[in-house]
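In case you want the letters, here they are:
Number of protein chains: 2
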Amino acid sequence: MKNISDLGERKAIQLIANILSKGEVAVGIGDDCAAFEFGDEYLLVSTDMISEKNHIPPVMKPWQIGWFIVAINLSDLAAKGGRPLGLVLSLGLPKKISVQFLKELIRGADDCSKFYGTSIVGGDTKESEDVTICGTILGRVKKNEFMSRRGAKPGDVVAVTGTLGKAGAGYYALKYGKQDKKLLKGLLEPIPRIKEGRMLAQEKFVTACMDISDGLSSSLYQLQTINNVGFTIEKEKIPISQMLLNCLLEKDLEIYEYALHFGGDYELLLTLPSDTVDQAITSVARANNCLTIIGKVTKEDKITLIEGKRKKILPDKGYEHFSRNKLC
Amino acid sequence: MKNISDLGERKAIQLIANILSKGEVAVGIGDDCAAFEFGDEYLLVSTDMISEKNHIPPVMKPWQIGWFIVAINLSDLAAKGGRPLGLVLSLGLPKKISVQFLKELIRGADDCSKFYGTSIVGGDTKESEDVTICGTILGRVKKNEFMSRRGAKPGDVVAVTGTLGKAGAGYYALKYGKQDKKLLKGLLEPIPRIKEGRMLAQEKFVTACMDISDGLSSSLYQLQTINNVGFTIEKEKIPISQMLLNCLLEKDLEIYEYALHFGGDYELLLTLPSDTVDQAITSVARANNCLTIIGKVTKEDKITLIEGKRKKILPDKGYEHFSRNKLC
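So the protein sequences, as listed, match chains A and B.
Going by the working numbering, the residue at position 271 of the first sequence is 271; the numbering climbs one at a time, nothing skipped.
Going by the working numbering, the residue at position 18 of the second sequence is 18; the numbering climbs one at a time, nothing skipped.
Careful: at least some of the hints might be erroneous.
So the derived label-pair ranges between C-beta atoms look like this [said to hold, decoys possible]: (1) B:Ile281 <-> A:Gly39: 48 to 54 angstroms; (2) B:Ala285 <-> A:Glu24: 27 to 33 angstroms; (3) A:Lys237 <-> B:Gly117: 58 to 64 angstroms; (4) A:Asn288 <-> B:Lys2: 37 to 43 angstroms; (5) A:Gly8 <-> B:Val277: 54 to 60 angstroms; (6) A:Asn18 <-> B:Gly117: 54 to 60 angstroms; (7) B:Val59 <-> A:Gly8: 41 to 47 angstroms; (8) A:Lys95 <-> B:Ile19: 38 to 44 angstroms; (9) B:Gly117 <-> A:Lys153: 36 to 42 angstroms.
In case anyone wonders, no lab produced these hints; they're calculated from the structure.
Built from N, CA and C at the ideal position, the CB exists for glycine as well.
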């Protein structure tokens, strides 16, 4: 009998989606958030779970665990242009967990919520073998501001917010036992792009958007499947985090391994018409961040990476549960 | 340093609530659902997590696990009088789980959702050590139909829907290795009281309501604390499940141990003005269920159990995580 490790995460999600009945939801499985109609708005909802053995390295402080679970939930909302309404948090905790650990975890979750103008409104506490935390974010967005994963058209350009490789630099520090707090922060204290998402959503010209929590290459392959398009990505245009550059110096191959394929950078990946690029850059600048054009949407059913004069097919090596690379 | 097992679940929740910042939520931590204002309605949200070692006995079939997680989430909504909008489901699954297990689990979750006119609209799949499932339910209710936990007044009567001890009978079967599917169903396939909740909510006279997933005694103690009242409960009026009666026959003590203190009966516990009792009974009958008056709300700060001519203080022995009795 087949195990889910033979499927991998994306095929498991497809299998789940095929079984489930379709409800009266405006946007269902396959986007960063589900969306329900509420007058001229969408009510957005998304959920994310983390567990000790798979996502929480021993170096991660309880405050960071709390920050992390809220941040990764907010990131899904950011990718749809949503404003946060509130979160619920389910905690599965072993009996032996100290009260101090619980306090710090909740402080981290509260600090992240407050930072983004929202709050934790409820939850559940259960006993479990491993620390397991599940967050669910609720948000709202005007229907005409909602940024779907679906809508990328040939001729559009491809852009990312911020820089890539921050989480990779943190992972590098972790792997080689470097106690560099700044580097670790890139992995353990992600900054969801709520403001950037709101700015872009209000412009109403983004054709498709998702967060790149699974890595750039994996995210591009997901957009390709949904939109039935291809991409050409210019390697030299990919904005690499200074943190990662400092770590790896001349190791060009490794730099791009982290920047292209490593999950954990909670930036936004989007497509937009080429004549809106200047406005989009100005818009993201208002959120004190950069937007970088890294390629374009094509008709061809493939993702090409351009390195100078060479072209190659971008491998799909992003983070995937059940079967692939892991954080810890 | 203190561990959370020294606190118990309710004190842990209190500790969490004390740390968290207050958001713009209409109803926050401490009720069955949180509630956000949306025009003349409340958007309701609640979350529940279960994990293999603590809530999923080996005899439980994957279909039942799926049904269970959806049902217990719906029960929180039922207690507020809400109509379900949809659910998100996070699955933490070990690699070794079979594809067949996943399919059956999703079918169970989908069947329960469909039965209650709703659907699963999104989720997350993650690798974990133990099977861990977190559901979050969204629903809506008119503001003037919302049934809070807060509002019980001295002079009100106390009522429960359905019968108590169904889960206890299932636990009894489990404990003594009886392969009686009907008995196990009471524990493993709970029936949330969505219709009953809707019927009662529309009457607008319920003063306080919660589900009794933690057991009757524990639920009464929670209502006592919130409302600063007391209760007198007439033992002989408590509606005992025929299943439990059949199991235990003459063992009066054990029957009431299960019916009063054992968690897992997803019935509604409510208070209402005494002159609305007939209307409430008629109303719940429209949902093909019974409403039984089991006692009254008092001014005194205690919960008294009346057995014939004897009175005693009802012990608070309900299900509590981290420190108390467990299902498996």
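Legend entry - In rising order, the numbers of the hints this structure does not comply with: Going through the list in order, the structure violates hints 1, 3, 6, 7 and 8 and respects the others.
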